[in-house]
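Novice: Sequence:
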Amino acid sequence: MASERYNPRDAEPRWQKEWDARKVFETDTSDPRPKYYVLEMFPYPSGRIHMGHVRNYTMGDVVARFKRARGFNVMHPMGWDAFGMPAENAAMERGVHPGAWTYQNIEAMKAQLKIMGLSLDWSREFATCDVEYYQRQQHLFLDFLEKGLVYRKQSKVNWDPVDNTVLANEQVIDGRGWRSGALVEQRELTQWFFRITDFSQDLLDSLDDLNDWPERVRLMQKNWIGRSEGLSLRWEVANRDAATGHKDITVYTTRPDTLFGASFLAISADHPLARDIAASSPEVDAFCEECRRAGTSLAALETAEKKGIDTGVRVRHPFDPAWELPVYVANFVLMDYGTGAIFGCPSGDQRDLDFARKYGLSVVPVVMPAGADKDAFTVGDTAFTDDGVMINSRFLDGLTTHAAFKEVADRLEATMLFGTPQAERKVNFRLRDWGISRQRYWGCPIPVIHCDDCGVVPVPKKDLPVKLPEDVTFDKPGNPLDRHPTWRHVACPCCGKDARRETDTMDTFVDSSWYFARFTAPKEDAPTDKAIVDRWLPVDQYIGGIEHAILHLLYSRFFTRAMREAGHVGLKEPFKGLFTQGMVVHETYARAEGQRDWVPPAEVRFEETDGKRRAFHITTGEELVIGSIEKMSKSKKNVVDPDDIIGSYGADTARFFMLSDSPPDRDIIWSEAGVEGSFRFVQRVWRLISEAADALKSASSNPAKEGTALSISQAAHKTLKAVEGDFEKLAFNKAVARVYELVNTLAQPLTQVAEGKADATTVGAVKDAVMILIGIIAPMMPHLAEESARLIGHDTLMAETPWPVFDPELVAENEVTMPVQVNGKKRAELTIARDADQTAVEEAALALEAVKSVLDGAKPKKIIVVPQRIVNVVI
RNA sequence: GGCCGCUUGCCGAAAUUGGUAGACGGAAGGCACUUAAAAUGCCUCGGGCUUUGCCCGUGCGGGUUCGAUUCCCGCAGCGGCCACCA
0 MASERYNPRD
10 AEPRWQKEWD
20 ARKVFETDTS
30 DPRPKYYVLE
40 MFPYPSGRIH
50 MGHVRNYTMG
60 DVVARFKRAR
70 GFNVMHPMGW
80 DAFGMPAENA
90 AMERGVHPGA
100 WTYQNIEAMK
110 AQLKIMGLSL
120 DWSREFATCD
130 VEYYQRQQHL
140 FLDFLEKGLV
150 YRKQSKVNWD
160 PVDNTVLANE
170 QVIDGRGWRS
180 GALVEQRELT
190 QWFFRITDFS
200 QDLLDSLDDL
210 NDWPERVRLM
220 QKNWIGRSEG
230 LSLRWEVANR
240 DAATGHKDIT
250 VYTTRPDTLF
260 GASFLAISAD
270 HPLARDIAAS
280 SPEVDAFCEE
290 CRRAGTSLAA
300 LETAEKKGID
310 TGVRVRHPFD
320 PAWELPVYVA
330 NFVLMDYGTG
340 AIFGCPSGDQ
350 RDLDFARKYG
360 LSVVPVVMPA
370 GADKDAFTVG
380 DTAFTDDGVM
390 INSRFLDGLT
400 THAAFKEVAD
410 RLEATMLFGT
420 PQAERKVNFR
430 LRDWGISRQR
440 YWGCPIPVIH
450 CDDCGVVPVP
460 KKDLPVKLPE
470 DVTFDKPGNP
480 LDRHPTWRHV
490 ACPCCGKDAR
500 RETDTMDTFV
510 DSSWYFARFT
520 APKEDAPTDK
530 AIVDRWLPVD
540 QYIGGIEHAI
550 LHLLYSRFFT
560 RAMREAGHVG
570 LKEPFKGLFT
580 QGMVVHETYA
590 RAEGQRDWVP
600 PAEVRFEETD
610 GKRRAFHITT
620 GEELVIGSIE
630 KMSKSKKNVV
640 DPDDIIGSYG
650 ADTARFFMLS
660 DSPPDRDIIW
670 SEAGVEGSFR
680 FVQRVWRLIS
690 EAADALKSAS
700 SNPAKEGTAL
710 SISQAAHKTL
720 KAVEGDFEKL
730 AFNKAVARVY
740 ELVNTLAQPL
750 TQVAEGKADA
760 TTVGAVKDAV
770 MILIGIIAPM
780 MPHLAEESAR
790 LIGHDTLMAE
800 TPWPVFDPEL
810 VAENEVTMPV
820 QVNGKKRAEL
830 TIARDADQTA
840 VEEAALALEA
850 VKSVLDGAKP
860 KKIIVVPQRI
870 VNVVI
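Under numbering that gives the first Met the number 0, the residue at position 285 of the first sequence is numbered 284, and the numbers go up by one with no gaps.
Watch out, some of these pointers could steer you wrong.
[Said to hold, decoys possible] Below, simulated BS3-like cross-link-like pairs (lysine-lysine); rule was C-alpha separation at most 27 Å, straight line:
#1 K405 to K466
#2 K728 to K630
#3 K529 to K461
#4 K575 to K728
#5 K425 to K373
#6 K496 to K221
#7 K466 to K109
#8 K461 to K475
#9 K522 to K109
#10 K34 to K522
#11 K496 to K460
#12 K630 to K460
#13 K405 to K575
#14 K146 to K405
#15 K851 to K825
#16 K221 to K34
#17 K405 to K460
#18 K496 to K529
[Stated by the list, open to error] The calculated label-pair distances, taken between Cβ atoms and stated as ranges, are:
#19 E546 to E184: 36 to 44 Å
#20 V804 to K824: 40 to 48 Å
#21 V804 to A736: 40 to 48 Å
#22 D524 to G454: 27 to 35 Å
#23 V603 to D335: 45 to 53 Å
#24 H316 to R226: 35 to 43 Å
#25 A759 to N6: 28 to 36 Å
#26 R226 to E323: 41 to 49 Å
By construction, these hints were calculated from the structure, which means they are not laboratory data. Glycine residues also receive a C-beta, built at the ideal position from the N, C-alpha and C atoms.
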């Protein structure tokens, strides 16, 4: 038979149409079968999908199709994380409305996702910029406000004086705004905050139960929440005049054990005491100003010198009223952690040590390594920060660090200062409340109104949505909502007088903090349908990039808890299983002069001279600089458009390649050569099956239990079992390898069937094996699976065909082949009955010629037999 | 600076986490088919040697064990997250 090539351009759209027509992937939430919710992190509609999306959504699709075949009622939705800065930038640069730009991008990207053949339920699609979505988000905001989970406070922000907007920390590069390049200022602004810190302990504790999350992500969240146990401790001021009337200073410490090593107190430039002193001291005031200016820049902190200024205030040591210590304002003390004041123990903290050396303060070692010589132990330029044994610490001497902590805490909790205990044990968290105010147009409006008489008034729910106005201009910097002629003017819902709308919008991370819940009932009038959301959450398998390991996932965990308090869901952990897939990376290419002039890979050709790989521009011929391998990004132009790949090889090839070779959580370097390998495999499978199709069509599927065809059936059923395990563990690269192996095994039998040289038993076994093969490739290469199945007479869609069932008898081994070692070196192989007992194995092993010749008559000292594994003869 | 992870052929990787190291794929080389090319099929493919076979080999140095890619200690290189967090 003449074998034609498989043509994905013809086959793929055909099957996609059929799936659509039968609504195979639409989820009926009331279907009684067990549910399975698969979700990939929804994309920002930047305009085109990239290889990272292809990888992410392919993995999710394999899981969705596999679980569907396994009999689960699967939900696999898709939507758009559609608010954000790029749309406003486009508006500023090209004069298009952010909404128009965004929806246009969504259309383009949706078309790209469709040709990938993903098993998505598009009937649940929404964008976060749809008023139908953000209206419910405003509803949630009002509920949170009522529950006390939202509040306003003054806070310091990075202010870009050119763009007139607040910048996130990540948008400040070397102290300058990332767009304008202007020096960023610190400003005090009144902002809205979510009370995520209410849940600090619970968010931390619950991490232990998230067993299906990567350990790495749990650890990152744990560190981010940053719990520490310490002591809040008051120091009595010795000279109240100098301290402008302050009686005491409260510090937070995790090392009360080192109290006898203290040589100074340091307070933040924003500490109330520092502010009071600054009012009358120009020197202190100037120093505080300097601290505030330098405080932000990230990289600068690395090299920043520890600086301080003596305030003149003196405090008494808690255990020795005669011992007075100086109080400094220091540039390294943060106002928003602990109490904004510390005591410095130079011998036990590197920073304190640097500071003490600079200002000539005493350095008394108080902790030494266990077993060290007390008299010989000194502290030079390196502080001793580990646990150890107390020295030079009066009643603490000889105690361990841990015991000393307890002793100091117990004593000071029992000591009274001005009528209250001098210290109390305190748990501190690094986690801060979540500031969500953005001075931006393209975001969800915060639904409150400011009235001169009534203050901050929530928008009544009946007045929702607070819609973004369409007629806005981007010709000037700043927030277009602020200068809109009418939008912000509104009557106070309380008193009816003229009032103003809040013009800040919400951080886009808010939008993505509950979309997974909305997908379960996307048309519901309330934010969720309680019965449905409680049945469908948590998401069973969530898949996305590691870059969201902290913020998005933590915010979503908080939001679910907040929604539970407001009665919208009944659980607190939104994602049962989490998988973080690796990035798709690629070399970068740049024109030699002006290294930032990037060239896309599609315009590069390569030559090899003297073993050195050189890159040239495809049209101009100029030599290019081959740069580092980086995440595919628009700015570096090192992107490969998925459309090109899918256009030339088809969706199945692109999908299969994405799953091949590398473990899914590892970064992959994109290579065109690898795609060709996957394409060859697609063609090979097609050719082998189509050549044997006529014979297989009329045959009945029958695994062989004995005879020459037995090995065919065993190979197929063993592969089936193994691939099931691989898919459950998302080990797609292993599944791919096993599929290759199975096809290698089936190649010869299939050719025999095609040539009519196979007996009836073999044809039956081959048909059974081929149906298994099609079944296991269906989640990965769904179009090829449909096409092949139809070819051999399978007349239902593979998308609706249950997962094949392996025959335990064919998977079990009757005989095992074990290596036989002598003194740990392999000398022979032994094939023996699976259930052979120890003595039988020992005897058989010693009877082997190869073993006998190595032993050379020597008596074995010991024979180790690990059943079904290995034999080791020790002489 | 703190915490965490990784290191296996030319390359991506596998090894049932203490039991035959390198499955499977890619690249490369050879052969067959062909007028030729493509496509396809077959073979070789960690290093070395005195090549029926033997020795070495999982970043480096030690250790535990009958047996270590896997466990322990130390070192080096690469990467990630957090970063003046008291």
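Novice: It remains to establish, for every hint, whether it holds in the given structure.
Specialist: Okay, the hints, checked on the actual structure:
1. K405 to K466: Violated: K405 and K466 sit about 57 Å apart, past 27 Å.
2. K728 to K630: Answer holds: K728 to K630 is near 25 Å, not above 27 Å.
3. K529 to K461: Within the cut-off at roughly 20 Å; holds.
4. K575 to K728: holds, 14 Å
5. K425 to K373: violated, 32 Å
6. K496 to K221: The hint is violated at about 48 Å.
7. K466 to K109: holds, 25 Å
8. K461 to K475: violated, 34 Å
9. K522 to K109: holds, 20 Å
10. K34 to K522: holds, 20 Å
11. K496 to K460: holds, 19 Å
12. K630 to K460: violated, 44 Å
13. K405 to K575: violated, 39 Å
14. K146 to K405: violated, 38 Å
15. K851 to K825: Holds, because 13 Å separates the two Cα atoms, which is no more than 27 Å.
16. K221 to K34: violated, 30 Å
17. K405 to K460: violated, 52 Å
18. K496 to K529: violated, 38 Å
19. E546 to E184: 36 to 44 Å: violated, 29 Å
20. V804 to K824: 40 to 48 Å: Holds, since V804 and K824 (Cβ atoms, about 42 Å apart) stay within the stated range.
21. V804 to A736: 40 to 48 Å: violated, 23 Å
22. D524 to G454: 27 to 35 Å: holds, 30 Å
23. V603 to D335: 45 to 53 Å: 49 Å Cβ-Cβ, so the 45 to 53 Å window holds.
24. H316 to R226: 35 to 43 Å: violated, 28 Å
25. A759 to N6: 28 to 36 Å: This hint holds: roughly 33 Å between Cβ atoms.
26. R226 to E323: 41 to 49 Å: violated, 34 Å
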